[in-house]
Amino acid sequence: MTAITPNQVAVARPGRLRSIGRGLQTFARRSPLSAFWGVIAALIVAMAVAAPAITPYPPLKSDFRAMQKPPSEAHWFGTDQIGRDTLSRVIHGSRTSLMVALGAVLFGTTLGALWGLACGYFGGRFDMISQRLIEFLQSFPDLILAMAIAMALGGGLGTVIVAIAITRIPFGGRVIRSVVLSLKEMQYVEAARGIGASHARLMFRHILPQCVAPYLILATTHLGVAIVIEASLGFLGVGIPPPTPTWGNMLADALNSGLVPPWWLVFFPGAAITLTVLAFNLLGDGIRDLLDPKLRGSV
Amino acid sequence: MYSYIARRLAFGALTVVGVSLMVFVIMRILPGDPLAAIFGPEGLTKLTEEQRANYMRELGLSDPLWVQYVRWVGDIINGNFGRSFFRSESVAEMILRRGPLTAEIALISVVLSWLVGIPVAIISALRPNTIADSAARFLSILFLAVPGFWIGMLIVLALLFWFGYRAPMAGVGFFTDPIGNLQLVIGPAVVLGLGQAAYIARMGRSSLLEVIREDYVRTARAKGLNSRLVIALHALPNALLPVITLSGVLLGLVLAGSIPVERAFGTPGLGNSMFQAVSERDIFVMQNLVFLYAVVFVVLNILVDIAIAFIDPRIRLR
Chain A
-3 MTAITPNQVA
7 VARPGRLRSI
17 GRGLQTFARR
27 SPLSAFWGVI
37 AALIVAMAVA
47 APAITPYPPL
57 KSDFRAMQKP
67 PSEAHWFGTD
77 QIGRDTLSRV
87 IHGSRTSLMV
97 ALGAVLFGTT
107 LGALWGLACG
117 YFGGRFDMIS
127 QRLIEFLQSF
137 PDLILAMAIA
147 MALGGGLGTV
157 IVAIAITRIP
167 FGGRVIRSVV
177 LSLKEMQYVE
187 AARGIGASHA
197 RLMFRHILPQ
207 CVAPYLILAT
217 THLGVAIVIE
227 ASLGFLGVGI
237 PPPTPTWGNM
247 LADALNSGLV
257 PPWWLVFFPG
267 AAITLTVLAF
277 NLLGDGIRDL
287 LDPKLRGSV
Chain B
15 MYSYIARRLA
25 FGALTVVGVS
35 LMVFVIMRIL
45 PGDPLAAIFG
55 PEGLTKLTEE
65 QRANYMRELG
75 LSDPLWVQYV
85 RWVGDIINGN
95 FGRSFFRSES
105 VAEMILRRGP
115 LTAEIALISV
125 VLSWLVGIPV
135 AIISALRPNT
145 IADSAARFLS
155 ILFLAVPGFW
165 IGMLIVLALL
175 FWFGYRAPMA
185 GVGFFTDPIG
195 NLQLVIGPAV
205 VLGLGQAAYI
215 ARMGRSSLLE
225 VIREDYVRTA
235 RAKGLNSRLV
245 IALHALPNAL
255 LPVITLSGVL
265 LGLVLAGSIP
275 VERAFGTPGL
285 GNSMFQAVSE
295 RDIFVMQNLV
305 FLYAVVFVVL
315 NILVDIAIAF
325 IDPRIRLR
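Residue numbers (the numbering used here), protein chains in the order written: chain A, -3 to 295; chain B, 15 to 332.
Derived by calculation from the structure, the hints in this document are not laboratory data.
Here the structure is a predicted model, which means the values were calculated and not measured.
Yeah, the Cβ is synthetic: ideal placement off N, Cα and C, and Gly gets one too.
Some clues are possibly wrong.
So, partial list: chain B residues that the calculated Cβ filter (under 10 Å) puts toward chain A [to be verified]:
{"hint": "1", "residue": "M108"}
{"hint": "2", "residue": "L158"}
{"hint": "3", "residue": "A159"}
{"hint": "4", "residue": "M288"}
{"hint": "5", "residue": "V304"}
Pairwise CB distance ranges (calculated) [as the list claims (entries may be wrong)]:
{"hint": "6", "chain 1": "A", "residue 1": "A42", "chain 2": "B", "residue 2": "I91", "range": "42 to 50 Å"}
{"hint": "7", "chain 1": "B", "residue 1": "I91", "chain 2": "A", "residue 2": "R121", "range": "43 to 51 Å"}
{"hint": "8", "chain 1": "B", "residue 1": "V81", "chain 2": "A", "residue 2": "L212", "range": "45 to 53 Å"}
{"hint": "9", "chain 1": "A", "residue 1": "S253", "chain 2": "B", "residue 2": "F177", "range": "17 to 25 Å"}
{"hint": "10", "chain 1": "B", "residue 1": "A67", "chain 2": "A", "residue 2": "V208", "range": "52 to 60 Å"}
{"hint": "11", "chain 1": "B", "residue 1": "A117", "chain 2": "A", "residue 2": "F122", "range": "33 to 41 Å"}
{"hint": "12", "chain 1": "A", "residue 1": "Y184", "chain 2": "B", "residue 2": "I43", "range": "23 to 31 Å"}
{"hint": "13", "chain 1": "B", "residue 1": "Y18", "chain 2": "A", "residue 2": "I125", "range": "18 to 26 Å"}
{"hint": "14", "chain 1": "B", "residue 1": "A106", "chain 2": "A", "residue 2": "A42", "range": "50 to 58 Å"}
{"hint": "15", "chain 1": "B", "residue 1": "I325", "chain 2": "A", "residue 2": "M182", "range": "28 to 36 Å"}
Which bits of chain A does chain B cover? Going by a derived footprint, with three or more residues having C-beta under 8 Å, they are [claimed, not checked]:
{"hint": "16", "stretch": "123 to 135"}
{"hint": "17", "stretch": "277 to 284"}
Extracted from the complex, chain A is given alone in its bound form (with noise of 0.2 Å):
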């Protein structure tokens, strides 16, 4: 088997794209604004992948004639201290936000998600135990937790995705849970526990597919929370070390530069992070109105 491409998997499965790209029809048509802010979403995303592409200047170059210059038109955010474009450095910044907030997710909430469906289907002494261990998890301000974890492991890229991923596990596992325990006494699931079906089918195959919809939920919110989380972490020197911008750092860079820090180093790394972690949610919003029409509203 070779790689598939993606026009492999069009041609293979003309079915399933269509659906997916009647679903986005319906969303954009039943909520505007969260498509918009989707889309929103989308293009940090695509200006993350082609970072290296659109930056104006490397983000790592110096120079030494523009040091500490305001918004201009060659550099349209600045340059900082020693003569870095804020522009280029901002850009560069969100893919390691979006990657640190990425992996945090797929690693912490599926895991904590997984973690849920075995407590919930199984309880017991299991379940008992779990729960109290995710409680000792919840004790803990999940910033002061990622600090602690980042500081134990030593700055890193990967150390802070484990740091914020250990964070978000108590949230998965909570909320699979009680949504497992309520599929567990569906009629379907007795059907299938009555024909014969080992554990394993009844809790992939037939409860599973039900903890999709919150998982997403939950997944496109953490999303927006592990983005804060890093920028705090790289604020207080415990994430991803300098040369490497990233958005926290930044911050602390300008915050270090001096009594008065120039407002451009920290008016566009701030602005990227809240208009990023803004899209997600606002995303997160639209999808669970969209799946889950009881929870409209609430937090």
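Given chain A's structure and the hints, the job is docking chain B onto it.
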């Protein structure tokens, strides 16, 4: 009621033990080599074998792990929080000196979050889908997204730029110098308070919308009660119950959020010492501070649970 409180306290004690184990695992076992966390990977390679062994012995790191754990717990029970490598002041003294400032910030921010969040929730819920509601909802979702420490930096910059004003640097108590103290505290408290208010407004709105549709509220209206009184006396008390729980959970946001926010404002509170401990790689101070924050969070949430049990008989009698 008493059995409920007793049960809650017992679980709380168990949680504190679990939390202490977790802190120990994270700060002492996870790094593999604690000296690597203290000196950094580069500093570690510069140490000779002998120096390394000496440090390990001096810091009590060469004992078996369970001995280290028991000694740490014993120290904490005796109120001995150790001292930093870098300052003469002991950690216990530092907590006593700086803690009140952070506690003040937390208290003011919680009060502020209710003063802002609840009225916004009421306006939103009474006139859903109007311009006021949409504006309130957008603002609250915006404040969920804005990092507090960034707003803090912008406020500091703006005050400096337009008014040439900078908050004093020295930590002063409320009772010795109330005005100087408020100048220190108000910035972080407003930033953290608005952050929480956003959550409270969202939760309060949906909770109030749900309660307003209930039968007993319709009955109150039908018997001719003034609609303001219906909201204030009948709907609001029930709608606020989940908001109180949320407020307890949000304390975690305040405790953790105060670290970067205090850093942004340069407030000399406990959050700032946490930042210092992190940047100096002082794992022993960090270990104690993380444990302290977690215990404070657990205790506050127990208090919130007990308060709710007092207010809401449905929980008490369950």
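**Request:** Return the numbers of the hints above that this structure violates; sort them in rising order.
**Result:** Result: hints 1, 6, 7 and 12 break, sorted rising.
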